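Chemist: Sequence:
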Amino acid sequence: MKDRKAMKTRRILAIICYTIGFCAYGAAGYVCWLSWNGTISDKQGFLTFLPIWIVSYWFNTFFSQLVCRVKKDGSRQWAIKKRARHVLSDISTVLSVVLLCFWIYVYVSQYTELLNFK
6 MKDRKAMKTR RILAIICYTI GFCAYGAAGY VCWLSWNGTI SDKQGFLTFL PIWIVSYWFN
66 TFFSQLVCRV KKDGSRQWAI KKRARHVLSD ISTVLSVVLL CFWIYVYVSQ YTELLNFK
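Residue numbering for the sequence shown follows this note's numbering, starting at 6 and increasing by one per position.
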């Protein structure tokens, strides 16, 4: 009974952490859009994006740790099924890479624009 309650608690905490991380990716994406749209400067966009992205990374790391294996009667058990775990982790990774690639694109385009003016 105690193990079942612990696993349920881990599952709930994992869902909370993933939700917060996913919402932070949404906020980071919104900041990217504001920067792309010209509502805020690229510098302000990046300085706002970075802490939000770090928060999303932390919470998705917490998610990964919460669904990791737990010993139960000498065997190992996962808090969330393998397929769901992999799909959620893959979505998080893709969002993270896409957001970082946006800022790499912004940096490279500004650098090449600077070279063209010289």
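If you are wondering where the hints come from, they were derived from the structure by calculation, not from laboratory data.
For clarity, every value in this text was computed on a predicted model and none was experimentally measured.
Among the hints, a few may not be true.
Said to hold, decoys possible - Restricting the straight-line Cα-Cα distance to at most 25 Å, the calculated cross-link-like pairs of lysine-lysine (DSS-like) are:
hint, residue 1, residue 2
1, Lys-10, Lys-87
2, Lys-87, Lys-13
3, Lys-86, Lys-10
4, Lys-13, Lys-86
Chemist: Hint by hint, note whether the structure agrees.
Modeler: Now for the hints, and whether the structure bears them out:
1. Lys-10 / Lys-87: holds (20 Å)
2. Lys-87 / Lys-13: holds (16 Å)
3. Lys-86 / Lys-10: Holds - the C-alpha atoms of Lys-10 and Lys-86 are around 17 Å apart, at most 25 Å.
4. Lys-13 / Lys-86: With a Cα-Cα distance of about 13 Å, the restraint between Lys-13 and Lys-86 holds, given a limit of 25 Å.
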